[in-house]
Amino acid sequence: MSMNLKEIKKFFRNIKFIIYSILLVVFAFLFLIGIAKLWPPLNKGIFNQILNSIGYWWMWAIFIGFLGVIVDGWVWGDYLYKRIKFDSMMLNISKAQFVKKMNEIEELSWDLTTNDEIRFQMKKEEFKIK
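Going by this note's numbering, the first residue of the sequence shown is number -19, and it counts up by one from there.
Accuracy of the hints is not assured; some may be wrong.
[What the hints assert, rightly or not] PhoX-like, lysine-lysine: derived pairs with alpha carbons at most 20 Å apart: (1) Lys108 <-> Lys80; (2) Lys81 <-> Lys65; (3) Lys104 <-> Lys80; (4) Lys17 <-> Lys(-11); (5) Lys(-11) <-> Lys24; (6) Lys81 <-> Lys110; (7) Lys(-4) <-> Lys17; (8) Lys75 <-> Lys65; (9) Lys81 <-> Lys108; (10) Lys75 <-> Lys104.
Simulated from the structure, these hints should not be mistaken for lab results.
Kindly generate the complete structure, drawing on both the sequences and the hints.
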């Protein structure tokens, strides 16, 4: 079973929120590991075992974890903002409002999943807009 580039893009477009969420947890864990080295109350148990095994790499864990949390947190938050905005624009909207905001709704549907793009097309058909 081979997938062409279009199917691969569609697949990742549909699961990007899950990917963003997993990355946010990983970066937060890396940052927490680095902070555990600097803050003695956290430097116990499993954190101590992890810190002993990574040696001086804890400094990189702080840096990469912090940077990752900031960047991925922004991307994750932006996705949630677009999701909420799209959902609120698609619910309880009149035809006049839909036509007025159609470009913005279409751009949001491109940034979200393929199901949202289908919802947008269905709404256009519902209002008989070409």
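Hint by hint, here is what the structure shows:
For the hint pairing lysine 108 with lysine 80, the CA-to-CA distance comes to about 15 Å; that is within 20 Å, so the pair holds. Among the hinted pairs, lysine 81 with lysine 65 is consistent with the structure: their alpha-carbon atoms are about 12 Å apart, no more than 20 Å. Note on lysine 104 and lysine 80: the hinted pairing holds, with a Cα-Cα distance of about 12 Å set against a maximum of 20 Å. At roughly 40 Å between alpha-carbon atoms, lysine 17 and lysine -11 are farther apart than 20 Å, so this suggested pair is violated.
Restraint check: the Cα-Cα separation between lysine -11 and lysine 24 comes to about 43 Å, which exceeds 20 Å; the hinted pair is violated. Only pairs whose Cα atoms come within 20 Å are accepted, and lysine 81 paired with lysine 110 is accepted, the gap being roughly 15 Å. The hinted pair formed by lysine -4 and lysine 17 fails the criterion: a straight-line CA distance of about 32 Å is larger than 20 Å. For the suggested pair lysine 75 and lysine 65, the alpha carbons sit about 18 Å apart, so the restraint of at most 20 Å is met.
Pair hint lysine 81 plus lysine 108 holds up; C-alpha atoms about 15 Å apart against a cutoff of 20 Å. Pair hint lysine 75 plus lysine 104 holds up; C-alpha atoms about 9 Å apart against a cutoff of 20 Å.
In summary, the structure is inconsistent with hints 4, 5, 7 from the numbered list given earlier, while agreeing with the others.
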